[in-house]
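J.: Protein chains in written order, with the numbering used here: chain A, 10 to 390; chain B, 2 to 381.
FYI, nobody ran anything at the bench for these hints, they're computed from the structure.
Hints are not guaranteed to be accurate.
What the hints assert, rightly or not - From chain B, some residues computed to sit far from chain A (all C-beta separations above 12 Å):
id, residue
1, Gly51
2, Cys56
3, Gln181
4, Lys203
5, Ala278
6, Lys279
7, Glu293
8, Ala306
9, Ala321
10, Lys322
11, Gly341
12, Lys372
13, Ala375
Claimed, not checked - In silico contact screen, one side only, chain B against chain A (beta carbon under 8 Å); selected entries:
id, residue
14, Ala20
15, Thr282
16, Gln284
17, Phe285
18, Val288
19, Ala291
20, Lys295
21, Gln313
22, Trp324
23, Ile340
24, Ala343
25, Glu347
From the three backbone atoms N, C-alpha and C, an ideal C-beta is built for every residue, glycine too.
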Amino acid sequence: MQILAYTPAHEDFRRRLRAFLEAEVAPHVDHWEAETHIVPRRIWETMGDQGFLCTSVPPAYGGPGLDFLYSVIVIEEISRTNHNGLAAPLHSDIVVPYIVAFGNEAQKQRLLPDCVSGRTITAVAMTEPGAGSDLAAMTTTAVEDGDEIVLDGAKTFITNGINADLIVLAAKDPGVENPHQAISLYLVPADTPGFSRGRHLEKMGYHSQDTAELFFSACRIPAANRLGEKGTGFVMLMDKLQQERLVVAVMAQAGAEFLLQWTTDYLKRTRVDERPRSRSQDVQFALVEMAAEVRLGRTFLDTLIVDHMAGRNVVVETSMAKYWISAMAHRAAARCLDLCGPEAGLERCPAARTFRDTRVMSIFAGTNEIMKQIAGKFMGF
Amino acid sequence: MEILTYTPEQEDFRSRLRAFCEAQITPFADRWEADHEVPRDIWRRMGRAGFLCPCVETRYGGLGGDFRHALIVSQELAATGQTGLAASLHSDVVVPYIDSFASDAQKRRLLPGCVSGEIVTAVAMTEPGAGSDLAAMTTTAVVDGDAIVLNGTKTFISNGVSCDLVVLAAREPDVADPHQAISLFLVEADRPGFKKGSRLDKMGWHSQDTAELYFTDCRIPRESRLGEKGAGFLMLMSKLQQERLVCAIGGIVAAERILAWTTDHCRNTRVDGRPLAKGQTVQFALVEMAAEIKIGRTFVETLVADHIAGTQIVVETSMAKFWTTDLANRTANRCLELIGPAGNLERTPIVRALRDARIMAIFAGTNEIMKQIAAKFMGF
Chain A
10 MQILAYTPAH EDFRRRLRAF LEAEVAPHVD HWEAETHIVP RRIWETMGDQ
60 GFLCTSVPPA YGGPGLDFLY SVIVIEEISR TNHNGLAAPL HSDIVVPYIV
110 AFGNEAQKQR LLPDCVSGRT ITAVAMTEPG AGSDLAAMTT TAVEDGDEIV
160 LDGAKTFITN GINADLIVLA AKDPGVENPH QAISLYLVPA DTPGFSRGRH
210 LEKMGYHSQD TAELFFSACR IPAANRLGEK GTGFVMLMDK LQQERLVVAV
260 MAQAGAEFLL QWTTDYLKRT RVDERPRSRS QDVQFALVEM AAEVRLGRTF
310 LDTLIVDHMA GRNVVVETSM AKYWISAMAH RAAARCLDLC GPEAGLERCP
360 AARTFRDTRV MSIFAGTNEI MKQIAGKFMG F
Chain B
2 MEILTYTPEQ EDFRSRLRAF CEAQITPFAD RWEADHEVPR DIWRRMGRAG
52 FLCPCVETRY GGLGGDFRHA LIVSQELAAT GQTGLAASLH SDVVVPYIDS
102 FASDAQKRRL LPGCVSGEIV TAVAMTEPGA GSDLAAMTTT AVVDGDAIVL
152 NGTKTFISNG VSCDLVVLAA REPDVADPHQ AISLFLVEAD RPGFKKGSRL
202 DKMGWHSQDT AELYFTDCRI PRESRLGEKG AGFLMLMSKL QQERLVCAIG
252 GIVAAERILA WTTDHCRNTR VDGRPLAKGQ TVQFALVEMA AEIKIGRTFV
302 ETLVADHIAG TQIVVETSMA KFWTTDLANR TANRCLELIG PAGNLERTPI
352 VRALRDARIM AIFAGTNEIM KQIAAKFMGF
């Protein structure tokens, strides 16, 4: 049964995006992964020019104002290129939605058109060294000083950390004791004095993704750069985390689907003792078991996409989907690697990259243990 | 997102059935388990109340319902804590053979009794030594004038002791291709030459009467053939999707019931003054099981919708059967751990659920067969 109602317009968008990615992205992925470890800005700009960034931004701010299924399409199609450097979904569906939902009219007019065109690349800075997924333990401070706000602290594991032109920063007011009321969000342009980037972090996976530490040392921004009401940062973050975790679930699901398809084709194509490897029962059962889990994940995820688009609160289910699908994707990747044999040890084998890239999906956007805590809490345990 | 929507009539059907189960089944489940049988009368009471064979057309005495009724019955019966009253097998697995393939005369003669519970049915496919491999079947059916002579043995037959009517799969010995040799026959339990073996002692399903069936020069009239001669394999194949979907539903509802009971237990039982459910290991276990059950239920409900729409979902149904029945076993095992020593007591409901879940991965085609079927239809 078809759960998601894709229209011909969606399908056309998918076709155009796929063609773009095949022409402009896929041929360069190996180079970005092995050599540059970053996706060039021009890709972001081309993507923006062709209407593939920030598809949900309303037309009043330069966007096409499309539904969340377009976001799903972008995540899925980028996953098909088997790399995670081009973090357009993070920009379009995680960071920019903070500005759309909580920015004032002036902020939106000023910032959103460039987010849509790819001239502004965004990042969100929540996680700190030593604090991990625990937002309440954050130590970066924001202190008012006349018409300005002074920021001090360090953030880490920031995706798009090197490319970012604009940071949505979470920081706390040191004068407020309750951590849930102390956090506010700020818009920090990357050229603000006192803001600096740490080195490009070397990672086990996501080799083409620029992940960095960010430092704020007496970094002064105008008071007008606060995003939303003072002290509501925690609530704003909570409000947007459902979509962030859903995005990760879609990403993991699409990764698992890509790799299982590739592995299935590979095992049908390659032979051992004259017989396609997919003819042996052990391989068949492994493929069927993975295909079953992939379908189970897909069905559940699609129902959550529908719920999310209808504006329903699906925090418990989304936490479950994030942890189960990301864990499933990595299990599948490990198993596909086994099925591929020695070939899987080679960098040219797509399974190798999927394997190392899926690993972090159970860790970021709130670890899978945090997902279980959240679900446990909302289930009343 | 609600995948299945129920009509007001179906909701009413559910609440009446729930009241029936609470009054007439659940209080007696322990006794049935200990006695290793379900009283014959409960079938008739269930039938008279309109809960058997709800999908049978009204002109043959049924409700003319759809497969959602089957899901409702499965779910409500799972809550009774016994598997002996195999109403789903009768209503959703055996009787559909008659409903789909019988002549009008056969239907008029048999279906009203099936609906009212006067006739309890069984389906006899599996043989000693053949297991899930239908093509290896050895029971024979030979035409002799106006009669058909049956010889052979069937085993692991649910409702084997209580059944009044058997849908029997047997082969014509001189047709070489096993796929064209099998026909189905309607065999009344009082036919000379038909004998029920003794009740088999089983690890689980204690209240369910499972038996061997013997056919020794058992003569039935030619008009007892169900459907076309030689079409047995195709008929079985066409109905196995529903049988396996029934099993997948059984797996999910069993897992749901086990987890619901265990969750309550962990909330209400204290260790060092603190509810078990406050411990992180317990919480994570409950969340993980709840997640898998939600994922499984979502998948199965989409398949129910597809099945009602007449979509061919052999691959997905095979996957659902193996995944949800494995899930029921995983869930039962893990819940038993969470409960601690009480998990060893017969009075703990999930003890029975654990031993009852085990066979679900085996019957209606083992889970390995499910994977073989999926692999075949996926072109591996």
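J.: So, for every hint listed, does it hold in this structure?
T.: Against the structure, the hints:
1. Gly51: 29 Å, holds
2. Cys56: Cys56(B) clear of chain A: closest Cβ-Cβ about 20 Å, beyond 12 Å.
3. Gln181: 27 Å, holds
4. Lys203: The claim stands: Lys203(B) keeps its Cβ more than 12 Å from every Cβ of chain A (closest is about 27 Å).
5. Ala278: Contrary to the label, Ala278(B) does not stay out of reach of chain A, its closest Cβ about 5 Å off (not over 12 Å).
6. Lys279: The claim is violated: Lys279(B) sits with its nearest Cβ about 7 Å from chain A, within 12 Å.
7. Glu293: 7 Å, violated
8. Ala306: The claim breaks: Ala306(B) does not keep its Cβ more than 12 Å from every Cβ of chain A (closest is about 5 Å).
9. Ala321: 8 Å, violated
10. Lys322: 10 Å, violated
11. Gly341: 17 Å, holds
12. Lys372: 5 Å, violated
13. Ala375: Check fails; 4 Å does not lie beyond 12 Å.
14. Ala20: With a closest approach of 28 Å, the Ala20(B) hint is violated.
15. Thr282: 11 Å, violated
16. Gln284: Because about 4 Å separates Gln284(B) from the closest Cβ in chain A, which is inside the 8 Å limit, the hint holds.
17. Phe285: 5 Å, holds
18. Val288: Where the cut-off is 8 Å and the nearest Cβ of chain A is about 5 Å from Val288(B), the hint holds.
19. Ala291: 7 Å, holds
20. Lys295: Holds, about 6 Å.
21. Gln313: 13 Å, violated
22. Trp324: For Trp324(B), the interface hint holds, since the closest Cβ of chain A sits about 5 Å away, which is under 8 Å.
23. Ile340: Violated. Min distance 16 Å.
24. Ala343: This hint is violated: Ala343(B) lies away from chain A, its Cβ roughly 19 Å from the closest one there, beyond 8 Å.
25. Glu347: With a closest approach of 28 Å, the Glu347(B) hint is violated.
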